[in-house]
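> As they're listed, the protein sequences go chains A and B.
Quick note on numbering: numbering that gives the first Met the number 0 labels position 249 of the first sequence as 248, and the sequence is numbered without any gaps.
Quick note on numbering: numbering that gives the first Met the number 0 labels position 314 of the second sequence as 313, and the sequence is numbered without any gaps.
A few of these clues could be false.
The list cannot tell twin chains apart, which means a pair is met if one copy fits it or any two copies do.
In silico DMTMM-like pairs for lysine to aspartate or glutamate, Cα to Cα no more than 25 Å straight-line [to be verified]:
hint	residue 1	residue 2
1	K85	D280
2	K114	E304
3	K142	D222
4	K249	D166
Please keep in mind that the hints were generated in silico from the structure rather than gathered at the bench.
Predicted, not measured: the structure shown is a model, and the values here were computed from it.
Number of protein chains: 2
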Amino acid sequence: MKCRKCTRSAVINMRQHKLALCSEHYIEWFTFQTQRFIQEYQMFDLNNRLLVAVSGGKDSLALWDVLHHLGYQVDGLYINLGINHKTSYSLLSMQKAQTFAHAQNLDLSIVDVVKEEGAAIPEAANLTLRGRTKPCSICGITKRYFMNRIGLDHGYDVLLTGHNLDDEVAVLFGNTLNWQSGYLLRQSPVLEGSAEGFIRKVKPFFRFYERETAAYTFLRGIDYIQDECPHAIGAKTIYYKEVLNQLETKRPGLKLNFYLSFLKAKAEGLFSPEAHIKIGDLHPCENCGQPTTAPQFCTYCRMWEQVRSTKSSLV
Amino acid sequence: MKCRKCTRSAVINMRQHKLALCSEHYIEWFTFQTQRFIQEYQMFDLNNRLLVAVSGGKDSLALWDVLHHLGYQVDGLYINLGINHKTSYSLLSMQKAQTFAHAQNLDLSIVDVVKEEGAAIPEAANLTLRGRTKPCSICGITKRYFMNRIGLDHGYDVLLTGHNLDDEVAVLFGNTLNWQSGYLLRQSPVLEGSAEGFIRKVKPFFRFYERETAAYTFLRGIDYIQDECPHAIGAKTIYYKEVLNQLETKRPGLKLNFYLSFLKAKAEGLFSPEAHIKIGDLHPCENCGQPTTAPQFCTYCRMWEQVRSTKSSLV
Numbered sequence: 000m001k002c003r004k005c006t007r008s009a010v011i012n013m014r015q016h017k018l019a020l021c022s023e024h025y026i027e028w029f030t031f032q033t034q035r036f037i038q039e040y041q042m043f044d045l046n047n048r049l050l051v052a053v054s055g056g057k058d059s060l061a062l063w064d065v066l067h068h069l070g071y072q073v074d075g076l077y078i079n080l081g082i083n084h085k086t087s088y089s090l091l092s093m094q095k096a097q098t099f100a101h102a103q104n105l106d107l108s109i110v111d112v113v114k115e116e117g118a119a120i121p122e123a124a125n126l127t128l129r130g131r132t133k134p135c136s137i138c139g140i141t142k143r144y145f146m147n148r149i150g151l152d153h154g155y156d157v158l159l160t161g162h163n164l165d166d167e168v169a170v171l172f173g174n175t176l177n178w179q180s181g182y183l184l185r186q187s188p189v190l191e192g193s194a195e196g197f198i199r200k201v202k203p204f205f206r207f208y209e210r211e212t213a214a215y216t217f218l219r220g221i222d223y224i225q226d227e228c229p230h231a232i233g234a235k236t237i238y239y240k241e242v243l244n245q246l247e248t249k250r251p252g253l254k255l256n257f258y259l260s261f262l263k264a265k266a267e268g269l270f271s272p273e274a275h276i277k278i279g280d281l282h283p284c285e286n287c288g289q290p291t292t293a294p295q296f297c298t299y300c301r302m303w304e305q306v307r308s309t310k311s312s313l314v
Numbered sequence: 000m001k002c003r004k005c006t007r008s009a010v011i012n013m014r015q016h017k018l019a020l021c022s023e024h025y026i027e028w029f030t031f032q033t034q035r036f037i038q039e040y041q042m043f044d045l046n047n048r049l050l051v052a053v054s055g056g057k058d059s060l061a062l063w064d065v066l067h068h069l070g071y072q073v074d075g076l077y078i079n080l081g082i083n084h085k086t087s088y089s090l091l092s093m094q095k096a097q098t099f100a101h102a103q104n105l106d107l108s109i110v111d112v113v114k115e116e117g118a119a120i121p122e123a124a125n126l127t128l129r130g131r132t133k134p135c136s137i138c139g140i141t142k143r144y145f146m147n148r149i150g151l152d153h154g155y156d157v158l159l160t161g162h163n164l165d166d167e168v169a170v171l172f173g174n175t176l177n178w179q180s181g182y183l184l185r186q187s188p189v190l191e192g193s194a195e196g197f198i199r200k201v202k203p204f205f206r207f208y209e210r211e212t213a214a215y216t217f218l219r220g221i222d223y224i225q226d227e228c229p230h231a232i233g234a235k236t237i238y239y240k241e242v243l244n245q246l247e248t249k250r251p252g253l254k255l256n257f258y259l260s261f262l263k264a265k266a267e268g269l270f271s272p273e274a275h276i277k278i279g280d281l282h283p284c285e286n287c288g289q290p291t292t293a294p295q296f297c298t299y300c301r302m303w304e305q306v307r308s309t310k311s312s313l314v
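Chain A extracted, bound-state conformation (with noise of 0.2 Å):
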């Protein structure tokens, strides 16, 4: 199959966009769809100072890359979980930013989650669930908790994430089987900030699947982490994806419909304004000073507290 753009063979051949590129404007086309992305949804500017967290998989090391070359300001903020056990998961995620950020000269944070709260992800959700659930509650309470705090404190006026259409598919197909109105009113490519202490939240590759984001790294040459996390095997959102992907084949664009019709219909009002999350009454935790609607202290700073007293009676 030929390149639609030039004489040589296609690399890629999207049914979808009904689209086959060579690898030189395949990354082309994926870098233009990346800016009209962020335009079309007024995502963000040249002059603002914007924060990609990066995990070392393929999507954010690609974002990164992406809007680097676009000319954007853009940091990167790499959240250390100390998943380590059996796997060396973070460690090895951790080397994968590093190296990418050392070569195109770009600033990453290191956030160190055993070193700001004494105990890994995984040794963590045992403490405080004794083994009962997966410690991937704890682990997003924890990441969104360093987003928003490093966002802020440090001046950023973006946070970006590198979820791609299946990753927020996938999502959405499980806010829908259960008809979870808070979550489906909330999920959006793009989250406000807050005057309470809330970043806004941006997602630019929303619209790629992630076989576009994959071949966008893998034809740059990116060393990322190939593995999934070690504690997402069996998840439900994986399930999805394989059930999603199964419409997919059978229907070419289904994934993007699904999600775009439901932007489009939410756009229109299908969704009634009372239903609207009430956030509540937001105030500063009294412990880290971001903002909560519990009583005193917010939700990341309890569970931690109880990973602490637990520990400690332990020994």
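Dock chain B against the given chain A, drawing on the hints supplied.
Chain B alone, transformed into the frame defined by chain A:
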């Protein structure tokens, strides 16, 4: 496995309800549940005159059977669509409906589309659509037209259809994958009638899995047409049913939860009242007198007029 209620062997195990029952107790349970749904969703009562649309398939015959045994005044309506090419689908399904009605001494009205409009559904579809699409659209419009007209003309209070949970969930799934606001807002086990000339429509079996209605029909020894409509082969809803069955196998109860959480979110005001379908100005069709928003003639009359004029131009 033993029946939950007695010492006999169970004939059915419903994982999603964690319930296994013998034949006798299954029929009792199924009948009791039907009555419970009728009351819980305020569908109708013993004073109402009911008309059930019977296709000759398991669901509609089971529904007619249960309602008759529960003491409701319920007549049947069979619409002969003339789908007899190669298979004798319409003819055979009509015979099943007639045999059932006769054995139970129940009243069955029959509408013959060929007699009424001069062409069978497959022929009408070929004439209007030139074979480009399936005849399901013209078939659906025709069935809805006669169900409404016969229901109102003969003074029935409520029109009933045998749609089961699998049917409803497949439709909901399709409407959700495309976020079709109008269809999402209208999907309900109870559609109120209106003064403009729409009969009240209800689906008492919407909470039963397909397997449950099939088991009831089998255990009651009701003879029904087992084939799918030959035009349904390859239909999207059949594919959605397969996908949903896969999800259900992984998580028993998923289908029921998907549908009930949808109804709950809707009842709690997830959808905007302004988004509710503006039915527009309804007025009587100048030909048939049924309500329509179209300027002169309703969709049904325009469609069949097109069939007749195409047919006469070919003669």
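> Please list, smallest to largest, the hint numbers that this structure does not respect.
As far as the earlier hints go, only 1 is violated by this structure.
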